[in-house]
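Chain by chain, the residues:
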Amino acid sequence: MDIERFSGTDRVLHWVTALAFLYCMLSGIGIAYPKFHWMLTLLGGGEFARWLHPWAGVVFSIGAILMILKWARDMVMRGEDWAWLGRIKAYISGRHEELPEVGKFNGGQKLYAWIVFLSAIVFFLTGIAMWFPENFSMGLVRWSVVIHEIAFIVATAFTVIHIYMGTIGVPGSIWGMIGGKVSETWAKFHHPKWYREVRGE
Amino acid sequence: MSTLTTGGTVGLGIKRISASKEPDTTTKQYPPLAILVDISSCIGCKACEAACQQWHDLTPPIMTPEEVVQRRIAGYQSHPDLRHDLFMLMKFNEGETHKGFTWFITKYQCMHCAEPGCLIACPAPGAVIQYQNGIVDFDHSKCIGCKMCLVGCPFDVPRYDANNKPWKCNFCVDRVAAGLEPACVKTCPTQCLTYGFKEDMVEKGKKIVEQLKKRGYPNATLYDPAGVGGTGYIYVLPHGDKVKEYGLPENPRVDASIGLWKGPLKVLGSIAIWGALIGAFLQLILWGPIKVFGGKEEEKEG
Numbered sequence: 001m002d003i004e005r006f007s008g009t010d011r012v013l014h015w016v017t018a019l020a021f022l023y024c025m026l027s028g029i030g031i032a033y034p035k036f037h038w039m040l041t042l043l044g045g046g047e048f049a050r051w052l053h054p055w056a057g058v059v060f061s062i063g064a065i066l067m068i069l070k071w072a073r074d075m076v077m078r079g080e081d082w083a084w085l086g087r088i089k090a091y092i093s094g095r096h097e098e099l100p101e102v103g104k105f106n107g108g109q110k111l112y113a114w115i116v117f118l119s120a121i122v123f124f125l126t127g128i129a130m131w132f133p134e135n136f137s138m139g140l141v142r143w144s145v146v147i148h149e150i151a152f153i154v155a156t157a158f159t160v161i162h163i164y165m166g167t168i169g170v171p172g173s174i175w176g177m178i179g180g181k182v183s184e185t186w187a188k189f190h191h192p193k194w195y196r197e198v199r200g201e
Numbered sequence: 001m002s003t004l005t006t007g008g009t010v011g012l013g014i015k016r017i018s019a020s021k022e023p024d025t026t027t028k029q030y031p032p033l034a035i036l037v038d039i040s041s042c043i044g045c046k047a048c049e050a051a052c053q054q055w056h057d058l059t060p061p062i063m064t065p066e067e068v069v070q071r072r073i074a075g076y077q078s079h080p081d082l083r084h085d086l087f088m089l090m091k092f093n094e095g096e097t098h099k100g101f102t103w104f105i106t107k108y109q110c111m112h113c114a115e116p117g118c119l120i121a122c123p124a125p126g127a128v129i130q131y132q133n134g135i136v137d138f139d140h141s142k143c144i145g146c147k148m149c150l151v152g153c154p155f156d157v158p159r160y161d162a163n164n165k166p167w168k169c170n171f172c173v174d175r176v177a178a179g180l181e182p183a184c185v186k187t188c189p190t191q192c193l194t195y196g197f198k199e200d201m202v203e204k205g206k207k208i209v210e211q212l213k214k215r216g217y218p219n220a221t222l223y224d225p226a227g228v229g230g231t232g233y234i235y236v237l238p239h240g241d242k243v244k245e246y247g248l249p250e251n252p253r254v255d256a257s258i259g260l261w262k263g264p265l266k267v268l269g270s271i272a273i274w275g276a277l278i279g280a281f282l283q284l285i286l287w288g289p290i291k292v293f294g295g296k297e298e299e300k301e302g
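Taken in sequence, the protein lines are chains A and B.
At position 179 of the first sequence (counting the first as 1) the number is 179 in this note's numbering, and the numbers step up by one without a gap.
At position 31 of the second sequence (counting the first as 1) the number is 31 in this note's numbering, and the numbers step up by one without a gap.
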């Protein structure tokens, strides 16, 4: 018996935000890092990528804010989540028995959710200044570029981990976002507290 | 990474291009050029502005008297600010000095910095070019329209057209490449503008400053800001203690934030993102995917 992990709304919201973020991330790398300038060709050319980047950014920011509004209650960091994060080494090396029992989301997933939300706010505010530099004081625009870049570094590094964990790193988890259902064994193993809640035990 | 030959688009030889490796400059070398603007002999006729528009085929809209009043600009100035179709502007500012009422006149356009903020900030390889002779020019075919050249410019110069392409004074690079003087210099009736090798222009400027000091302008100075490595337009300012009144920044330099995101933050970003990729790969090969019940008890549970 499979269990529904993410509703249709959750999935649409996640993928719209995810695809918008991916475009921003790749075009951002192409724009900001001259060594990867060639990537802009694959994204529609330099001018087009620079045109679409801010619009995709608006979609990402709105999506990320809606997502956190919908999921905030599940994402509240509790003592056990910090304990889980403290033992992250046990998690990645397969010593599962050393970890505290996890609810619908583990500490790492919760941390990532907040990083996405915060980065969305920072990307949006600094991005507006960079989009219309003539309309803001130049000092503000200049430091916006720096903060935009810092947000990029944090968000991208964590997104690399997120994509890895969601696909190869944790087999079976991708079906939560594709089709929305995960297997019972998967739920029992990775999110036992949530499994019991769903089953009404 | 170089997207241009050492000759560049007009064969002048390249000193530096945006977002690219330093070009090999051993083939072509040329000393920097400069235009000396001697404000003390400027009569404010704006012939340079007209010549600039004529040579570059620019037709900026003429302001109506209502607009002039609305924008509160001195009546003698043709436009309130530079535009994408107005590469240079004579600025007129009224003020007081020890000589009584003074008109602070400046020729306002791209300064052709030796350390150009636009070129340093530009992320598109080859979109900003600095020629061997010091001229800084834009190549619209390489520009992606991100406006970082404006963010990098300490003089607030580039202006954008409807396609987000930047425009500015290009020192009449086409004329200079053909051995002619820039249009503004050619037309100046009072020899307020002179053009030549930077070394000679600095020498000439210093002489005028000395003469001005003897003639009762003790604060006269030559404006060639060191913060941007010196500029391609240098100014004799009769009232050198009032640089700001001339509409020029006192100590222009490429903002520290530009160096921060062009340098250390790029290194940090590369480490963080490659680190995340390598970390994920190491997890995969050292411990393998995190399988349900270690991949063993699945059947028992099922």
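Each hint should be verified, as a subset may be incorrect.
Claimed, not checked - Which bits of chain A does chain B cover? Going by a derived footprint, with three or more residues having C-beta under 8 Å, they are: (1) 5–16; (2) 31–41; (3) 99–111; (4) 115–121; (5) 145–157; (6) 170–180.
Don't read these hints as lab results, they were simulated from the structure.
No experiment lies behind these values; they were computed from the predicted model shown.
Every residue, glycine too, gets a C-beta built ideally from N, C-alpha and C.
Evaluated hints:
1. 5–16: Since 0 is below three, the answer is violated.
2. 31–41: holds (count 7)
3. 99–111: violated (count 0)
4. 115–121: Coverage by chain B is violated here, the residue count being 0 at a Cβ distance below 8 Å.
5. 145–157: Holds, because 9 residues of the stretch 145–157 of chain A bring their Cβ atoms closer than 8 Å to Cβ atoms of chain B.
6. 170–180: holds (count 3)
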